[in-house]
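J.: Listed below are the residues making up each chain.
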Amino acid sequence: MNWPHWIIVPVVLPLAAGCLALLLDARWPRAVARLSVAVNFALLALAEYLASVAATGVVTPYLLGNWRAPFGIALALDRLSALMLVLTAVVAVGAVLYARGGSAKGAHDARGRHFHALFQFQLMGLNGAFLTADLFNLFVFFEVLLIASYGLLLHGAGAARLRASVHYVVFNLTGSALFLIAVALLYGLTGTLNMADLALRVPALGAEAAAPVQSAALILIVVFGVKAALLPLYFWLPDTYSAATAPVAALFAIMTKVGVYCIARVTTLIFGADAGPAAEVADPWLPALAMATLVLATFGALAAARLRLLVAYLVVSSAGLLLLAIGVGSAPAVGAALFYLFNSTFVAAALFLLVDSIASERGEARDALIPAPLGYRAAYGVLFCVLAMEAAGVPPMGGFLGKALLLAATVDHAMASAIWVVVLITALGFIVALARAGSTVFWKAADANPMQTLAARPAPGERAALAWLTAAIVATVLNAGTIGRYTKAAAAQLLARSAYIEAVLGAEPIPPLWNPRAEITHR
Amino acid sequence: MEALLAVFVGVLTGTGVYLLLRARTFDVVIGLTLLSYAVNVTIFLTGRITVAKPPIIDPTVASTLADYADPLPQALVLTAIVISFAMTALLLVIALVARAATGTDHVDGEEPGADPEASG
Numbered sequence: 001m002n003w004p005h006w007i008i009v010p011v012v013l014p015l016a017a018g019c020l021a022l023l024l025d026a027r028w029p030r031a032v033a034r035l036s037v038a039v040n041f042a043l044l045a046l047a048e049y050l051a052s053v054a055a056t057g058v059v060t061p062y063l064l065g066n067w068r069a070p071f072g073i074a075l076a077l078d079r080l081s082a083l084m085l086v087l088t089a090v091v092a093v094g095a096v097l098y099a100r101g102g103s104a105k106g107a108h109d110a111r112g113r114h115f116h117a118l119f120q121f122q123l124m125g126l127n128g129a130f131l132t133a134d135l136f137n138l139f140v141f142f143e144v145l146l147i148a149s150y151g152l153l154l155h156g157a158g159a160a161r162l163r164a165s166v167h168y169v170v171f172n173l174t175g176s177a178l179f180l181i182a183v184a185l186l187y188g189l190t191g192t193l194n195m196a197d198l199a200l201r202v203p204a205l206g207a208e209a210a211a212p213v214q215s216a217a218l219i220l221i222v223v224f225g226v227k228a229a230l231l232p233l234y235f236w237l238p239d240t241y242s243a244a245t246a247p248v249a250a251l252f253a254i255m256t257k258v259g260v261y262c263i264a265r266v267t268t269l270i271f272g273a274d275a276g277p278a279a280e281v282a283d284p285w286l287p288a289l290a291m292a293t294l295v296l297a298t299f300g301a302l303a304a305a306r307l308r309l310l311v312a313y314l315v316v317s318s319a320g321l322l323l324l325a326i327g328v329g330s331a332p333a334v335g336a337a338l339f340y341l342f343n344s345t346f347v348a349a350a351l352f353l354l355v356d357s358i359a360s361e362r363g364e365a366r367d368a369l370i371p372a373p374l375g376y377r378a379a380y381g382v383l384f385c386v387l388a389m390e391a392a393g394v395p396p397m398g399g400f401l402g403k404a405l406l407l408a409a410t411v412d413h414a415m416a417s418a419i420w421v422v423v424l425i426t427a428l429g430f431i432v433a434l435a436r437a438g439s440t441v442f443w444k445a446a447d448a449n450p451m452q453t454l455a456a457r458p459a460p461g462e463r464a465a466l467a468w469l470t471a472a473i474v475a476t477v478l479n480a481g482t483i484g485r486y487t488k489a490a491a492a493q494l495l496a497r498s499a500y501i502e503a504v505l506g507a508e509p510i511p512p513l514w515n516p517r518a519e520i521t522h523r
Numbered sequence: 001m002e003a004l005l006a007v008f009v010g011v012l013t014g015t016g017v018y019l020l021l022r023a024r025t026f027d028v029v030i031g032l033t034l035l036s037y038a039v040n041v042t043i044f045l046t047g048r049i050t051v052a053k054p055p056i057i058d059p060t061v062a063s064t065l066a067d068y069a070d071p072l073p074q075a076l077v078l079t080a081i082v083i084s085f086a087m088t089a090l091l092l093v094i095a096l097v098a099r100a101a102t103g104t105d106h107v108d109g110e111e112p113g114a115d116p117e118a119s120g
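Here the protein sequences come in this chain order: A and B. In case it helps, the working numbering puts the first sequence at residues 1 to 523. In case it helps, the working numbering puts the second sequence at residues 1 to 120.
No more than 25 Å apart at the CA atoms, straight line, and that leaves these computed lysine to any residue pairs for SDA-like:
id, chain 1, residue 1, chain 2, residue 2
1, B, K53, A, L189
2, A, K444, A, V432
3, A, K488, A, P396
4, A, K444, A, G375
5, A, K488, A, A475
6, B, K53, A, F71
7, B, K53, A, G188
8, A, K488, A, S417
9, A, K488, A, L44
10, B, K53, A, G72
11, B, K53, A, G191
12, A, K488, A, L46
13, A, K488, A, V477
14, A, K444, A, A303
15, A, K488, A, V59
What the hints contain is simulated information worked out from the structure, not anything from laboratory work. Small disclaimer: the values here were computed from a predicted structure and weren't measured.
Turn these sequences into a full structure, and let the hints guide you.
T.: And the structure:
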């Protein structure tokens, strides 16, 4: 297994599978769906292998085209990247299983064309964004995942989706323009875009460069804040996520985490404590904005008239909590954030799928929070209860452990009292919102005429997807010790930047199997 | 030269942002196009302003920074142009389909003040 090229496979494999899916989609749609599932499981196995490599604490660099960093584009695998790859793969398996499963209206992936091709391209963009160690390459992978997400959002069409798409596309295109401005500023100041090289050069900038480098840093945070749904940039998210088809919304649960990941990466690596003129540039903003995001997301959840909107606000609130922890910035807080990342991602994906299954059973009422007849009330109710407990952070679920770790990590922080109050009150708000939604959907349903229920048994694929994500959530609770140790080590690695910088800049080109240049000179 | 280009970028950005905020899909598309021009010129200028300098090393010219243009921003701007062009095309398609589906070119899919139920 000592092959040096494993790191690039999570990018290349979905690319190849996506291209193949484009070619074969018209003739063999079912074969393409099977291929997509197989590729997703392969990506999961690969992510687990890469995580086992990263767990030893080494940062594995990879030089694209064998150009030495910082001249070429470098990838780097550390504990955080590996963790994100695993999260993406687990959610993607759930989403693709659900997409294949049929319902009354037919399989989700058959409601439009090229679902699986777009899905694979989205995975390529996600994996690439998590692995790259180059700022411009990060921009390119952002665009890859965004282009795919535009297509996926429109999957299944409909006026609501179109409306959400116009907002989503325009918003993200503006975000891309800002991203490029930040990249241009940083390149103009430092002459490099390699993140490890930037981490060395930004601290060396003189005081006269303070204003441009701070603007570049904050523009970058704004761009990632758009993706991560940070106040005041989250207003696109509830509409978009509740308009998307269920498997797409489930996959999008990992998309906000890309923004969170990027903020965690740049605020520790490039704009960390010892970054000279740009040191801790996001610190006055991030915790306060994150707390405001949490509060507004709770209001949104309490006011939501539809279950999907409620889940979308859950995604916003989890992003708020994660950014709060990253804004606090100490090793225990970042570790707690990474731990919470597992549960918040899985539970959001699982809830999007579950709500879609429930909505398809409720006839005209769909996912509106009004009493309506519902088939399989007991099974759905228990599953919803478990996921809601997880989402709101009620013991003994993992969401509770994540929040408890975060609270424990912020005891000594200057804003500790505000953080505690906000985290605890918003958790209470979510318990109220979820309990009210659950009692309306599951308990008041008994009043309705049982003869009206459609009671179509959910398709095998849908049940498999729900079982898969629920199993993932239970597994994270059971393995909380192992995961906690890993995320703690990942946070420590993130804050001790030297290993990452040395690994990327000191990476040796891999000796090629065949050297065309030598052959030409020989002749 | 710097001042002239800076004003040029500023005017492009200002016009782009103004059009972007106008809530009609056509204006938004033009606004985003102007914004991406501004961004492309900005990226290009990060390689510093040079006139008639080659980006590739020529053995007959001394290899000092004064004799060459920075090739990296040129490569970056090429990527940015391709991506923004493709995105604009995609946005145009979405805008046209949305216009056909909702009967209005307002970005919210309904005229301001109109009853949302009536147009939906």
